[in-house]
Amino acid sequence: MADSEVLHAEHRLEYPYSRSTGPVIGAFLTALRDGRFVGATGSDGRVIVPPTEYDPITSDDVGELVEVGPGGVVESWAWVSHPLRKHPLQSPFAWALITLDGANTAMLHAVDAPGPDALATGTRVTARFRPEAERIGAMADVEAFVVEGGAS
Amino acid sequence: MAERCAVIGVGQTHHKAKRDDVSIAGLVREAAKMALADADLTWSDIDAVVIGKAPDMFEGNMMPEIYLAPALGAVGKPMFRVHTAGSVGGSTALVAAHLVSSGIHKRVLTVAYEKQSDSDAMWALSVPQPFAAPLLAGAGGYFAPHIRAYMRRSGAPDYIGRMVAVKDRKNAMRNPYAHLHLADIDMKMVEDSMMLWDPLRYLEACPSSDGAAAMVLAAEDAVSGNYPPAWVHGMAMRSEPTMFAGRDQINPQAGRDCSADVYRQAGVTNPREQFDCAEVYVPFSWYEPMWLENLGFCDLGDGWKLTESGATAFDGDIPWNASGGVLSSNPIGASGMLRFLEVAMQVRGQAGEHQVDGAKLALGQAYGGGSQFFSMWVVGSAKP
Amino acid sequence: MSAAARAVRPVSIASFAQSQNVRKDDERNEVEGLMPVIAEVFGNIGITKDDVDFICSGSTDYLIGGPFSFVMALDAVGVWPPRSESHVEMDGAWALYEAWVLLQEGEIDAALVYSFGRSSLGDLSEILTLQLDPYYEAPMWPDIVSLSALQARALIDSGKATEADFAAVASRSRRDALSNPKSQVANDIAPEVLLQDDYVVAPLRRHTLPPITDGAAAVVLAAGDKATAWSDRPVWITGFDHRIETHSLGARDLTTSPSTAKAAEVAGVAAGKVDVAEIHAPFAHQELILAEALGLDDSVAINPSGGALAANPLMSAGLIRIGEAAERIRSGAADRAVAHATSGPCLQQNLVCVLEGGA
Amino acid sequence: MADETTDQGPVTTLATPIRLDFDFTPGVAQSKFLRGLERGEFHGQRCSVCGKVYVPSRGSCPTDGVPTTEDVLLGNAGTVTTYCVVNVPFAGQSIEIPYICAQILLDGANLSFMGLLQEIPTDQIRMGMRVEAVWVDESDLTPSLASVRYFRPNGEPDADYDTYKEYL
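As you go down the protein sequences, you meet chains X, R, S and P in turn. If you read the first sequence in my numbering, its first letter stands for residue 1, the second for the next number, and so on. If you read the second sequence in my numbering, its first letter stands for residue 1, the second for the next number, and so on. If you read the third sequence in my numbering, its first letter stands for residue 1, the second for the next number, and so on. If you read the fourth sequence in my numbering, its first letter stands for residue 1, the second for the next number, and so on.
Treat each hint with caution, since some may be false.
Quick look at which bits of chain R chain X covers, simulated, 3 or more residues with Cβ under 8 Å [unchecked claim]:
| id | region |
| --- | --- |
| 1 | 25-36 |
| 2 | 54-61 |
Computed footprint of chain P on chain S; a stretch qualifies when at least three of its residues, placed anywhere within it, have a C-beta under 8 Å from a C-beta of chain P [unchecked claim]:
| id | region |
| --- | --- |
| 3 | 23-29 |
| 4 | 146-160 |
| 5 | 276-289 |
With the C-beta cut set under 7 Å, the calculated list includes, among others, these residues of chain P facing chain X [claimed, not checked]:
| id | residue |
| --- | --- |
| 6 | Val11 |
| 7 | Thr13 |
| 8 | Ile18 |
| 9 | Arg19 |
| 10 | Asp21 |
| 11 | Phe24 |
| 12 | Thr25 |
| 13 | Val28 |
| 14 | Gln118 |
Everything labelled a hint here was simulated from the structure, so no lab data went into it. Here a beta-carbon is modelled for each residue, glycine too, at the ideal position from N, C-alpha and C.
Construct the entire structure; sequences and hints are all you get.
Set out below in structure tokens:
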């Protein structure tokens, strides 16, 4: 059989997953919807952001939730000059690990900056929330982080 | 050369159609923390973690050991993920047990789960792919023709399936963790339930559940916990091809071989006599008589007679699925481990209201796919 | 550690086979791709499927976009009469670990391990995000290249490495791949030239990324009499361990690999001179992190096969490292080798296998 | 923690739609089968070791693990080995319930496959019934099982149980 006889077709794997959050993730997402951040206290007193039900190292249950952010420090960053179709921003941006003020772990999010020269490890950034009416209780409620005192 | 291995802790969630009160991590931690508490251990006492579940598409979370490592106390430890279709809960326990019996680890935590309400089981089990046959029959439609073939081959009367459906749901009334608690279940209620895939009625099929199961397995010198250990006397897995000419789907060779292997290891020559109870993967009622024959609890063609006689009922001489079984709770990836876990509970004497009096030796069985994957273990209260 | 004190049963990598690594295997399904590899791994040592007591495979459903892809793949072996068989939704290196564990008990003497996957069917930059936290990370679709770039930036910031170091790794790997007939990307380009590449995601330039690869691999493990009967120079596994780290990138030091270091310690890497190391480092900078964690010095030949930068068939690339390391020993080029496999974003999970040549 | 700013109640669920696109190929052997359907023919493949005929073949003999290479053109008729009557609606279903799903063993094949059975009341179907494929119009033939509209009784006497009991 000629090679061209082999069939091909597009296959789309698609499902609208709906996840129950449980109390801790739910509290964080609720806070996001309210335009603020919370973290959870880990077994050694470190504040984990975003919070999980468990300490990311010891796996013990986390303690009380505490308010953190909205400003923070870039721990590492990567400049995306050609965003992919599902990325949160469609113009050039940075992925960054950001330690929010009051937190001891960094969280992943996008930074909207004019260019790679505007960012460095250690740069202070702050969250730019979507308008209240558009917030649904998801990471996307933070449109992006921006450089503190920056032009954007 | 193999070291002795024992179950020293068990835990399971309350199984429900939708556990909308927890995240995926919250669900598995509920079972794992209960197993640790039962073993009187903490996360740091565990050497390695083995998880199992059915297709990742149920939750849309690829290779979930990556996300779940910190949720299950695995940071800095070996973590492993098993996937062998519906038998996975059983084979996950076996992989964990081999880590102990090989002498590599002292205490291993094993967890199986499914949070299928994040998506939809029917969708995730049969994601339509190009060029595949059009979706003709749905999930039960795969098994219903084999049930019909069993009825023809054995001459079983049609009410046998209904008897199993009633028996297992009555048993579930004794199990606080079971998904289905149908207080009024009786033959008429099953007969009146909707005919889904003739000859299979709604109440003769398993539910779709969220849930998790966990066990702590330990070497002989690491035994701890609130109950006596359940010693592993034998373990085996067998697979055969999914479709081949002359395949016997009613009495698969892989199931026969698997039980022969596990019986040899455990010194079992007469399963009905020697076992005090069994937990066997029966997702559709008719699989009880089929597996009674496949597992050698009776002669070929006589499985339905054993069911009809009441031998497999809670007060029978060889209770099957005293927990209520898969017909009462079916968190797919965990369903096999629940069978293995429930027999451990029985021989440890911790099964509460569904405790089979004086259970000392028991068989746990799981199967998957189109009855081509099998895993089994035998546990006992005495050291092997 | 109990593992260090335990007497390890010698198990040999008796045979290894891999498919030609290609950008896209456009014609064959998983079974058709696997069959020649299985036939070769048995044929190398003149045995059949009836000579192995256990079968274990590694793969993931998400590469093909449908559940139970391993079920169909089993038809490439022909498990009749029924066999003791298992599957991990992990790289084949972990399937090999499961088989090795069973062989430790002494009940069985031989096992077939295989893995397969066509990385070309879907978009890996989307697929692999599904490995991430499903609540906080996956919904933002951060791709694997971007996450690896965060790690590379942290490494540069720490002062441990430069972009030139990344280019040197890439240049050497693909030059070495010229002598590997199974490799996908092989060329001889100086690091200075590579540094003129554009950034894909800064600070990662094109050459620091692995190729997208379709491929499959298989190994036969043997113990006892079979190990010596099937090989004039058995390649013994003398140490084996794997470890995982926490998932949260923001709770890890991305410039180190403590899980690799721990696995190397348990496997006993430092107990002797290492001649060759086959390291599963999909991104160039990751080789530097791993070499340090494994405690390898400049005398070690790293990735003579070209490594994952020359061919990165997902779910097989780790198993291939073990096979390639074993082949160096079997050929006499090395006496003691380290093989490594990784899984998860930014080297979250790592496996280390120590191999030694025997009489 | 206190939540004074919203009357929406706490967030308890998160929608995370997932869509992935793939370039799918069924492989060499299945393509031959599907191309056959496009011509209104059933093509199987024979294993050179055990001689069994698989339709469709996925490229290997499942019991021997070797490529199936010999093409076998099969006829239109076969036997119902077993069946069920589908009474349940489910997502993706395109046929009005109740209807019959039958395992059909084509003459000359050694493996049955599931097919839709029509032109017979659901209470008259029998194990062993002889059936034939009804194809879509020639202009509608595609490389897919959708080219087979359904199977229907072909009027031949039922097959003896012994002739198909090996295939249950």
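Subject >> When the least beta-carbon distance from Val11 of chain P to chain X is tested against 7 Å, hint result >> reply: Result: holds, 3 Å to nearest chain X Cβ.
**OP:** Confirm or reject the coverage of the region 276-289 of chain S by chain P under the rule of 3 or more residues with a beta carbon closer than 8 Å to the chain's beta carbons.
**Re:** Violated, because only 0 residues of the region 276-289 of chain S bring their Cβ atoms closer than 8 Å to Cβ atoms of chain P.
**OP:** Apply the coverage criterion to the region 23-29 of chain S and chain P: a residue qualifies when its Cβ sits closer than 8 Å to a Cβ of the chain, and three qualifying residues are needed.
**Re:** n = 4 at 8 Å, threshold three: holds.
Original post:
Measuring from the C-beta of Thr13 of chain P to each C-beta in chain X, is the shortest one below 7 Å?
Top reply: holds (6 Å)
Original post:
Given Arg19 of chain P as an interface hint, is the shortest Cβ-Cβ distance to chain X below 7 Å?
Top reply: This interface hint holds because 4 Å falls under the 7 Å limit.
**OP:** Tell me if Thr25 of chain P is really an interface residue toward chain X, meaning its C-beta lies closer than 7 Å to one of theirs.
**Re:** Cβ of Thr25 of chain P sits 5 Å from chain X, so the hint holds.
Original post:
Per the CB criterion, is Gln118 of chain P less than 7 Å away from chain X?
Top reply: violated (27 Å)
Subject >> Supplied contact hint for Val28 of chain P, tested at 7 Å Cβ to chain X >> reply: holds (6 Å)
Subject >> Check of the region 54-61 of chain R against chain X for coverage (Cβ-Cβ below 8 Å, three residues minimum) >> reply: holds (count 3)
Original post:
Taking 7 Å as the limit, does the beta-carbon of Phe24 of chain P come near enough to a beta-carbon in chain X?
Top reply: Given a least distance of 4 Å, the restraint on Phe24 of chain P holds.
Original post:
Mind checking, does the region 25-36 of chain R have 3 or more residues with a CB under 8 Å from chain X?
Top reply: holds (count 3)
**OP:** With a cut-off of 7 Å on the beta carbons, see whether Asp21 of chain P makes it to chain X.
**Re:** Check passed: Cβ of Asp21 of chain P comes within 5 Å of chain X, closer than 7 Å.
Hint compliance for this structure: hints 4, 5, 14 are not met, and every other hint is.
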